[in-house]
Amino acid sequence: TQLLEQSPQFLSIQEGENLTVYCNSSSVFSSLQWYRQEPGEGPVLLVTVVTGGEVKKLKRLTFQFGDARKDSSLHITAAQPGDTGLYLCAGVRTDSWGKLQFGAGTQVVVTP
Amino acid sequence: DVKVTQSSRYLVKRTGEKVFLECVQDMDHENMFWYRQDPGLGLRLIYFSYDVKMKEKGDIPEGYSVSREKKERFSLILESASTNQTSMYLCASSGGNNEQFFGPGTRLTVL
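Line order of the protein sequences matches chains A and B.
Add 188 to a position in the first sequence, counting from 1, and you land on the number used in our numbering.
Add 199 to a position in the second sequence, counting from 1, and you land on the number used in our numbering.
Careful, some of the hints might be misleading.
To be verified - A few chain B residues that don't get close to chain A, going by computed Cβ distances all over 10 Å:
| id | residue |
| --- | --- |
| 1 | Ser207 |
| 2 | Lys217 |
| 3 | Met226 |
| 4 | Asp227 |
| 5 | Leu244 |
| 6 | Lys252 |
| 7 | Tyr263 |
| 8 | Asn283 |
| 9 | Ser286 |
| 10 | Glu298 |
Claimed, not checked - Reference excerpt, derived from the structure (chain A facing chain B, CB under 10 Å, subset only):
| id | residue |
| --- | --- |
| 11 | Gly228 |
| 12 | Gly230 |
| 13 | Leu233 |
| 14 | Val298 |
Rather than coming from a laboratory, the hints here were simulated on the basis of the structure.
Glycine is no exception: its CB is placed at the ideal position from the N, C-alpha and C atoms.
With the hints as constraints, model all of the structure from the sequences given.
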C-alpha cells in the first residue's frame, strides 16, 4: 500500500493568518488530489495536481506538487472562518481502477 | 447538479443484525466505492466496483460484502454487525478522470 502522511493533524488559527498543510509519501503518485470535508458532508474535490513541480491557485489556496511527485502542500493565505474543515490529500494508486489512497486528514479551524 | 445519495444519514443497529447501506449516483459513472472514515485513520477503502456485477476487495473487506445489480446503485452489506464496525461510511463514484464524488455519509452505530 502506498501511504500518505499528513501534517499537522490539527491546526487552529485566527482569521487573517496564513497556514500550510503537508502531505508526504515515500511512493511516487501519478497525480495527487486535495479534498475538503465539512461536518456532516462527504469530501469535495478542490484540485488535482499532475506534473512534478506544478503549482495551482484557487483564490486564496495554493497547491504545490513536489518535483519527485511524492509530496504536496496546501497553503491558505489570509484564512477565513469559511476555510474551516477537514483537508484530505489523496494519491491516485498505481493498482488502477481510479482508486485513491487517502491521508488521515488535517482538521483546520479558523476563528473570527 | 451531480449527486451521490446514501439511504440513511444516521443508523443504529444491534450486534449480529444484518445491515444494508445503499448508495445511488446519477452521473452514469462506471466506478463506485465504499469507504469507512474513522478519526486519525482517514478514509479506508472497503470495496469498489468498476462495472455492473463486478466487485473488487479494497484494503479492509473483512466483515463486509457488496452488491451492484444496476450501474447507478452500489450496496454495502454487513452480514452480522459488530461494535467495531461503528463508523462513518462514505460512498463515492467516479468517471474516467479519477475525481471522486462523495455522498453525505452514513453514521452507523452498532450497540
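Hints and how they fare:
The claim that Ser207 (chain B) is not at the interface with chain A holds, since no C-beta of that chain comes within 10 Å of its own (minimum 13 Å). The Cβ of Lys217 (chain B) sits about 25 Å from the closest Cβ of chain A, beyond the 10 Å cut-off, so the non-interface label holds. The non-interface label for Met226 (chain B) is consistent with chain A: the shortest C-beta to C-beta separation is roughly 13 Å, beyond 10 Å. Here Asp227 (chain B) stays apart from chain A, with its beta-carbon at least about 15 Å from theirs, past the 10 Å limit.
Its beta-carbon lying about 6 Å from the closest one in chain A, Leu244 (chain B) breaks the requirement of being farther than 10 Å from that chain. The claim that Lys252 (chain B) is not at the interface with chain A holds, since no C-beta of that chain comes within 10 Å of its own (minimum 15 Å). Here Tyr263 (chain B) stays apart from chain A, with its beta-carbon at least about 16 Å from theirs, past the 10 Å limit. Here Asn283 (chain B) stays apart from chain A, with its beta-carbon at least about 18 Å from theirs, past the 10 Å limit.
The Cβ of Ser286 (chain B) lies farther than 10 Å from every Cβ of chain A, with a closest approach of about 14 Å, so its non-interface assignment holds. With a least CB separation of 5 Å from chain A, Glu298 (chain B) falls inside the 10 Å interface cut-off, contrary to its annotation. Here the hint on Gly228 (chain A) is kept, as its CB sits about 7 Å from the closest CB of chain B, short of 10 Å. Of the supplied interface hints, the one on Gly230 (chain A) holds, with its beta-carbon coming within about 3 Å of a beta-carbon of chain B, less than 10 Å.
The interface hint given for Leu233 (chain A) holds, since its Cβ lies 5 Å from the closest Cβ of chain B, which is under the 10 Å cut-off. This hint is violated: Val298 (chain A) has a C-beta 20 Å from the nearest C-beta of chain B, more than the 10 Å allowed.
Going through the hint list in order, the structure does not satisfy hints 5, 10 and 14.
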